[in-house]
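Colleague: These are the residues of each chain, in order.
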Amino acid sequence: MFMLNTILKNLFTGYATRLYPFKKREPFPDVKGELKLDVEKCTFCTVCQIKCPSQCIQVDRKERQWKVDPFACVYCGICEDVCPANCLYHEGFYRPAVFDKTVDFYAGPPKLAAVPAAPVAPAAEGGG
Amino acid sequence: MARTTLPFGPQHPVLPEPIHFSLVLEDEIVVQAIPKLGYVHRGLEKMAEIRDHNQMIQIVERTCGICSTLHAMCYCQGIEALMGVQVPDRAKFLRTVWAEMHRIHSHLLWLGLFADAFGFESLFMQCWRIRERIMDLQEATSGNRVIVSVNQVGGVKRDIKPETQKWILDTLKLVEKEVLQLKSTLMDDYTVKKRTVGIGVLSKEKAFALGACGPMLRASGVAQDMRQLGYAAYPFLDFTPVVETDGDSYARTICRFNEIFQGIDLIRQAFAKLPEGELSVKVTGLPSGEVVSRVEQPRGECLYYLKATGKKFLDRLRIRTPTFSNVAPLLELLPGCELADVPVLILTIDPCISCTER
Amino acid sequence: MSNAARVLSDQNTSTVPVERVVSFSKIFRDTGFRFVTMSSSDLGDAIDLLYHFDKELDIRSMRVTVPKGSAISSITSVFSCAMLVENEIKEQFGVDFEGLPIDFNGTLYLDEDVQRTPFCKIGVVKNFPKAQEA
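In order, the protein sequences belong to chains X, L and H.
The first sequence finishes on residue 133 if you use my numbering, and the numbering steps up by one all the way, no holes.
The second sequence finishes on residue 361 if you use my numbering, and the numbering steps up by one all the way, no holes.
The third sequence finishes on residue 151 if you use my numbering, and the numbering steps up by one all the way, no holes.
It is possible that some hints are incorrect.
[Unchecked claim] Stretch by stretch, here's where chain L covers chain H in the computed footprint (C-beta under 8 Å, at least three residues): (1) 32-43; (2) 48-62; (3) 86-98.
Just so you know, these hints were derived from the structure itself, not from any lab.
From the three backbone atoms N, C-alpha and C, an ideal C-beta is built for every residue, glycine too.
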């Protein structure tokens, strides 16, 4: 009796839930979705590996490789906060469900060896 | 009459989390109840020996999904007391806002499960639909829906801007309106009253002697609320504990229902008085000493005992959650009730078994 | 931040010998304190037990040091709600409590085939008989 208003409203208005996966809503800004790395900016300093509470990041400094286990990650955002190069970020969308677990792997560009600056070409003699 | 022993749980349609009771019945009246725990034991206290005190915040948050930020807040308060850190005022107010959001969504969740326990599924669905609005608020302000990781030693990690504050206040107005529509269904319905009034009466002296805490204690007439201790921003906000005197399941339902409105009011007060300032202070060094830290979780009083000796890892982390101490009054309430009232009684203590067993 | 996080010091902690545990708990009960919980930690060759009591938001602790492998009497005669906590400490630290009404004998959280108490650095080997119910 007391819920009559709610019941009638529910009968005559549309769906209460969104028809996912046909309609998805925009994620809120700063939502902690998938963890991605901008490998060009990464300096392989391993701070993210040291601070991670679930120890899901593995950084190989010599080989310049960065691995994360996205199924062990707890999406706390600590690695994003402590990264000194600001190259870690969370995407807005959550990872969809999969059948097999995978590991995300990023290989950094090889480190450029220090090259002495090329001598400036002498001014063309003779002109002309 | 011959006695039969009936196993109740750990998998049962009314139980949200696994707990097992061996009920000794004599002709549908429960004579004795023997609990058995251990289905969700994860050994979180022992992880304090292999993770340093900053990483432990994430682990401690995952003790319980419903009151997660309050666990982190209690832990951070303890570490801050050991290291002598003063948290800035803006961070205290923001911590209070998230804590009250957790309280509102926990009570709405409980209200739905309680209605489901005596068979009222449509009330269950309506309560959880309202709760989705609070989950959206948590996702927009902190990035995660359930495990809200915003606490750190020294303050909070994220800010709430004025446009977001206005949106939160508008959403809370909608939540308040929708919860008020449920009020007469919950409090005046004949069937709801028949299943809850007079069931599981806990007198004031017994509740105190058995160590009950939270709404179980307050619904029996003892006005004790850990928020009166004055942590976070509560000294600046004014509130009085919600107290009922009857001590039965109906009184506990009313107590938790009124706390939803109290939570909404506290968030409004916190936003009105929110000071400017920093979000956190930088903390270096390692803690040493012993501290006992308490907060008021939605289910009651939560106590943390931290022992540190200046090394990288804590020596001992002890968590005592409210459901752990509410199980003792439950074992006192069960004998003498009918078999059909057992789900109502188990849910009236607001069981959070993952907190109990960590 | 007043006294939500109370650092343990001599003003709010008293050290009590093992034999006087029950009589001190009776004093706490008669002056209106409520039993909150017990904490414990490993001190190497002894276990440090802390009993926490609360009255009107003021928390006090009682410290008892129990050598490993020895027994201490349970306070369930004074506070019946201490039963669950004492079972847990018995299981995880190996402290023997005498006079427990329901004794889980080490199966409260852990399985029967766990042999060493988990928390002690130098473990106490359990040799509990099979769990019995009162």
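Colleague: Taking beta carbons only, do three or more residues of the segment 32-43 of chain H come closer than 8 Å to chain L?
Modeller: violated (count 0)
Colleague: For the segment 48-62 of chain H, do three or more residues have a beta carbon lying closer than 8 Å to a beta carbon of chain L?
Modeller: holds (count 8)
Colleague: Quick check: do three or more residues in the segment 86-98 of chain H have a beta carbon closer than 8 Å to a beta carbon of chain L?
Modeller: holds (count 3)
In terms of the numbered hints stated before, the structure departs from hint 1 and from no other.
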